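**Q** Here is what each chain is made of, one letter per residue.
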Amino acid sequence: MSTSTTTPPGAGPAGPDAGTARRPPVVRVSVPQRSINSELRAIKIVWRRELTRYMSDRLRMVTTLVQPLLFLFVLGSGLQQLASRGTHGVNLKTFIYPGILCIVVLFTAMFSAASIVWDREFGFLREMMVAPVRRSSIVIGKCIGGASVAAIQGVIVIALAGVVNVPYNVVMIIEIFLLQLLLAFTITAFGVMIAVRIKQMQSFMGVMQMVVTPMFFISGALFPASGLPGWLTVLNRIDPLTYAVDPMRRIVFSHLSMSPAARRALDPGITWWGWRVPTVAEVAIVALMGLAMLAVAIWEFSTSE
Amino acid sequence: MALADNRQVAAPDPGAAAPAIVVRDLVKSFSEVRAVRGVTFEVATGEVFGFLGPNGAGKTTTINMLCTLAKPSSGEARVAGHDVVTERDDVRRNIGLVFQDPTLDGYMTAAQNLRLHAELYGVQSDLVMPRMQQVMEMVGLWDRRDSVVGTFSGGMRRRLEIARGLMHSPRVLFLDEPTIGLDPQTRRSIWSYIRELKEREEITIFMTTHYMDEAEWCDRIAIMDHGEIVALDSPETLKAGVGKDRVVIHTDDNDAAIAALREKFGIEAQISEGAVTFGVASGEEFVPRLFAELGVPIRAVSVSRPTLDDVFMSYTGTTIRDAEEDSSKHRNRVMMQMMSGGRR
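Order-wise, the sequence lines are chains A and B. Read the first sequence against my numbering and you will find it ends at 305, with the numbers running on by one and no gaps. Read the second sequence against my numbering and you will find it ends at 649, with the numbers running on by one and no gaps.
Calculated directly from the structure, the hints in this document are not laboratory data. Some clues are possibly wrong.
What the hints assert, rightly or not - Examples of chain A residues toward chain B, derived with CB under 7 Å:
hint: 1; residue: 26
hint: 2; residue: 28
hint: 3; residue: 29
hint: 4; residue: 124
Computed from a predicted structure; not experimentally measured. Where a beta carbon is used, it is the ideal one built from N, C-alpha and C, also for glycine.
If we strip away everything but chain B, and leave its shape as in the complex, we get (with noise of 0.2 Å):
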């Protein structure tokens, strides 16, 4: 609930500031497949904005762009007033990121890795300690800082990362799926630190995630599929949109409940995870109709308020969920990647 209500409290004021993030027809292609299809956006300064969509959907393909680390194959982007392509230094000075896979050097404490990246970026020496004590502290990390990397665990590295990322002040920090792999308990820590973050500095935070409820702590969120962006806006206001309840109903014949439903409602319902599932105005009035009329025998129902599951299902026609395990290609990959030389 605090949390909650920071985020009125730090809510975006549109045009108190540029924007951090100016996106226009962002294109990325790779030899035959277009990751990114043209993608148009822009970021307020100061707003936590977030990414949602399945693996694959060309989220991490964009903060790569966004970042500098990959370069458009057409289209523009501008972050904290830096064009990604033409000024690429000025935007990697204003920038910090902290990417899925660990970029900790292992080998040294955590207080080195810190200092390594502060005299890389050119960090005046006499604020290096009293920055690292700052932003060590807020992950709870201080105390760790002569501990060698190598024996941190997921969720300290993660926090290590954030910590490092801050090191040099920057104007926007990329999280690329900070919380992948992590505990809930240790999700839930990082997502505090990083509402803590937005109200102690200014600072504009693009993250990624395909998590549906991490996605509800960003001011706004875009949904990408397939490269695009399908929907742009407040968690609140794109589950408003929805404005249907969500009932998902258990039957022994999912084939006649769908059938049922088009026929005796003029609902198009369809199976997911197991269930049919389909979206009508005011669910709990609709249940006695449907054991009323529907004719096919139901084991179980279940009605609830629109969550960001149900948008990205009216978007996409599937749960992120289904869409994921859709991408066989993608898990293909990342199980190379994992044999190739994961670390976890």
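Next comes chain A alone, as it looks inside the complex (with noise of 0.2 Å):
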């Protein structure tokens, strides 16, 4: 196929232009047959092109970190006066902290996942779709992308640690960056199947604002998720970041000194009529859950003309 042998720049290439004298010969280029290595070059492309984004969008780092730090330390230094009696000598901040470790990432994966329609809006998705790469390669580049991303806003947030008295402790800041990663990845891959179907931006913000706020409120990421009344209990247990918050909350509380009746009641973890899910089980369904998605995002990605 003549596509694939490649004429080097300077050698004469033969055919019309060759009797051109003042011209500089025709720089031709190939383009390879597609491969495993293409498909792995188009992720990183498409995680790369994510990054760029984020770096130079200085506002954007603002912005997503404004909600969670709000929650953090405005709600929670100002419901701190009900609830002392409630939190067992516990800091209310404290307590809240883990939660605002998954909505950071929440809030952020989901901002990431709106550039698909961002692209589609402004036809550079146009460009990626009709290059010679399985249009799940660009799926799957984006939640790689929408996770570093997540997972660096997340890292200010840990960084916070010692402002709400969570101490510095090496172990549990891989546990907890882990634990972001794994949930950006899902909370991308989430994003990205709804935004693969939505083609304007003013619709994606509104079903973003009718998904995440719930997402968030339900999830117990504020409160404990035990003793609610039963309605909110069946919600809560729906609630894919409830399996996040937990663990969360789990990682945090170990590395911190409180009374057995404190723990008890400020870190319940979640039961299933009355049985315990284990930490492993619900790391493992947001892992699951992130794969699920991710398979429907690329299958939507695929059908879509």
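Make one complex out of these two single chains by using the hints.
**A** Okay, here's the thing in structure tokens:
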């Protein structure tokens, strides 16, 4: 096949321009057959573009942090006065800190997914859709990219641990980071799954408000998920974010010293009909949901024209 | 004139190579509309082939099928020797695309956009820079390579898109309305790039346009109307085929003039853009007879050699402008698109 051979620059190509001396020879390049390498390259390109976008958008770094920090410091300090007895002497800010570690990832990852809608509106998505790469590579690159960006934002919140009386323990920080990375991947996959179907930015923002805010409120990021009214318990157990918030809280609380009574009240764990769901199972739920939503996103993206 | 001479030199040589594009009975139906109703044609390697027709005639749908962006409902198409359905990736490796709507990343520089494209297509890294310089010099943007695309004008963006479409040395370059919405000067310069390109690289160019004057630059054109190809040949042959000069008369009573033309000369005239229009074998000799015998006062008259407009009219019974005004449905769609996120 003629395209698989390369004429290096300056080699003097044959053809219509061989006789035109005043012009430099045409640089002919070739596009290799599709392979696993071209897919990995495509994933890398999409991932890198996501990071470049994030790095050049300082405003976004700040705006996606504002809400979580408001909850942590304003709500945390404000409600402290009402809640001091219920928290068994634990500062309310310390209690909601694990939840904030999760929601900062939630907000950032959804924002990353929005760039698919954005790229579609401004046409750039088409440039990627017609390239000789699988659509799945584009989706995977997007999800890894969104996860990376969200994890970077997460690190900023990890850095605030000392302010809310959580010690800087290396093992804890690594555990938090890995869990954030996993959650970020799952949420981005979820966001991409929705974004693929939506053509306009305003609609996506609307859907995001409708989905993200309830997910975050119901997840137990701001309250312990035990002894809730029945309807709220049901919603809480359905909310995917619940299974990230609970392990996150356990990671943080295992490095705090508190009375057994406080631990029971504030870190009750998630139960299904009285059975306590183990931490490993919770993490597995988040991971499996991420993969399932990634699969749906890929399928949707591949079938859209 | 220089461009016309180039056309003679670079005319396609049928049989020199396998056709770049082969299309057989291609059909595309959307839920209730048959946008493309069985088109068949071939494009020779090295040819500049134009698809001409009003908006909504099915040009873009056809191009989307050839570019593997839409699946044909039936029929078959091969581009650069590969089937557009079963060998999608092989087709994609060998084609370059320039869409009607911009597809650049406005946040990146011109060079970054081209580099991303080269990487996406797996161009050897040591060839990226020389190739980039070549294609950007061709469209006159090499000096602006480090400018962010968001600062570019519409014409510059279109030129950059053409350069990007060429980054991976495609064998077939698809241009969907490459000059739409551009000023006449930019349109001319884009055409000179296209001609230069054809001269320099072994490339086949497939384009759509609804500008009649631009279709003249193509080696061959297919006239498309209501999802079908109604004529296909070189512009010269098509114009010669009309065989008649075009006479346009302005009168105070168009209906009476049409009736008189039918009665006294046996000519079927039409009203187009507010004037009575018809074709006769030798227009200049007909005009004196017209004034003497028509019996309806004539305010103005013009005689012209056949243009592609007349070709279009003789095949479709309407001018391309009238055809576009008819498709108000399409206009509404375009407005919706513009309102829902057009950049301009």
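**Q** Hint by hint, which ones does the structure fall short of?
**A** Going through the list in order, the structure violates no hint and respects every one.
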